[in-house]
Amino acid sequence: MHSTTSEPEPNGVALPPTASRALKIAVVGGFGVGKTTLVRSVSEIRPLDTEETMTRAGGGVDDLAGVEDKRSTTVAFDFGRITLDATSVLYLFGAPGQERFWFLWDRLFTGSLGAVVLVDTRRIEHSWYAIDRLEQQGTPFVVAHNDFGVEHDLEDVRAALDLDAGVPLIRCDARERASAKQVLITLVQHVQALVAASAPTQRSAT
Amino acid sequence: MTRSHRDESPDRLHVITGGRSRGADDALDAVTLVVAESAPAPGMQSEHAAILRLCRTPTAVVEVAAHLRLPVTVVRILLTDLIDTGQVTARHPAPAPSQSHPFASPDVLEKVLVALHNL
Ligand SMILES: Nc1nc2c(ncn2[C@@H]2O[C@H](COP(=O)(O)OP(=O)(O)O)[C@@H](O)[C@H]2O)c(=O)[nH]1
Ligand SMILES: [Mg+2]
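Chains as they are written, first to last, in the numbering used here: chain A, 1 to 206; chain B, 1 to 119.
Per the computed footprint, the stretches of chain B lying under chain A, defined by three or more beta-carbons under 8 angstroms from a beta-carbon of chain A, are:
#	stretch
1	30 to 43
2	65 to 78
3	103 to 109
Pair by pair, the computed Cβ-Cβ distance ranges are:
#	chain 1	residue 1	chain 2	residue 2	range
4	A	ALA165	B	ARG56	47 to 55 angstroms
5	A	ALA199	B	MET44	44 to 52 angstroms
6	B	PRO40	A	LEU154	51 to 59 angstroms
7	B	ASP84	A	GLU155	53 to 61 angstroms
8	A	PHE148	B	ALA39	49 to 57 angstroms
9	B	HIS92	A	ARG46	23 to 31 angstroms
10	B	SER46	A	ALA86	27 to 35 angstroms
11	A	VAL150	B	ALA41	58 to 66 angstroms
12	B	GLU110	A	ARG122	32 to 40 angstroms
13	B	HIS117	A	ARG171	16 to 24 angstroms
14	A	ARG177	B	PRO106	22 to 30 angstroms
15	A	ALA14	B	ALA27	19 to 27 angstroms
16	A	ARG46	B	VAL114	20 to 28 angstroms
I should point out that these hints are in silico values taken from the structure, not numbers from a laboratory.
All figures in this text were calculated on a predicted structure; none of them were measured in a lab.
Glycine residues also receive a C-beta, built at the ideal position from the N, C-alpha and C atoms.
Whenever a hint applies, use it, and build me the whole structure from the sequences.
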């Protein structure tokens, strides 16, 4: 049982006093796919655990009546961060990929810069729902195939995921900082490409 | 993974939030940065005092939740209390990406890219 009256443990550096903007990227995938590992590889703090709750009735996530009754659902997730400069910080969230956790994704995807879907080819179905949801929400995303010793042709993975040709699909080893970093760079560059592609329409619309 | 609050007594969460189920500020995103504007006062609810100590520098809502070991949902309600009484302020800069404007601005993307390359 946790005590809420204990002092918070200091964990790494505090944000600069001038920090005013926080950005977020969600890392989503099934249990054991490497979400926490990827976050840890690039985070300036040890990943922290927390959780969200909601009622199964599907009401507001804020409906705390749900905490008091059996129909409430709790989902644990973790996060790390990268301070960008004096005003901005980037948070990275690791969130489970199973369909029943959609309410957490909606919370995390909304307002996020984009998402990374981690795929373990042994349990590829754990990634389907998240990909559907991201497509529906219009949240930009890339897919990273974490290599657990079985090399799969990326085009086979793309076919198994029924992934649009425009969505970047890369191989990664989440344990390697350079590889985790490359996944995030691929996501940001993908968003930049989407911005560039949408710019002409915006101009003609104004 | 630490143990989840799944097994935590609902009564305790009920007490912390004063039994309220709604009224949390919808503008409080998981990554909204909150800052204490005053020191904890004697006799204050311990969770409120802990938030004021933690937020001497800007802190994201989700970090408050992790450090206090409370669900984000509960922390949003506690923070809303403190915002309503002026003891905490939330920093709301430029709007985040949304359905109608799905992409972050080019400056923001460039800034993130530079920081990632420098990791
Ligand atoms: N071979 C290999 N193992 C990995 C990789 N990423 C994570 N792991 C290992 O897989 C296990 C589960 O990773 P974890 O990050 O806890 O998964 P999570 O449940 O998605 O957060 C850990 O033992 C990691 O060391 C990877 O890219 N390659
Ligand atoms: Mg994990």
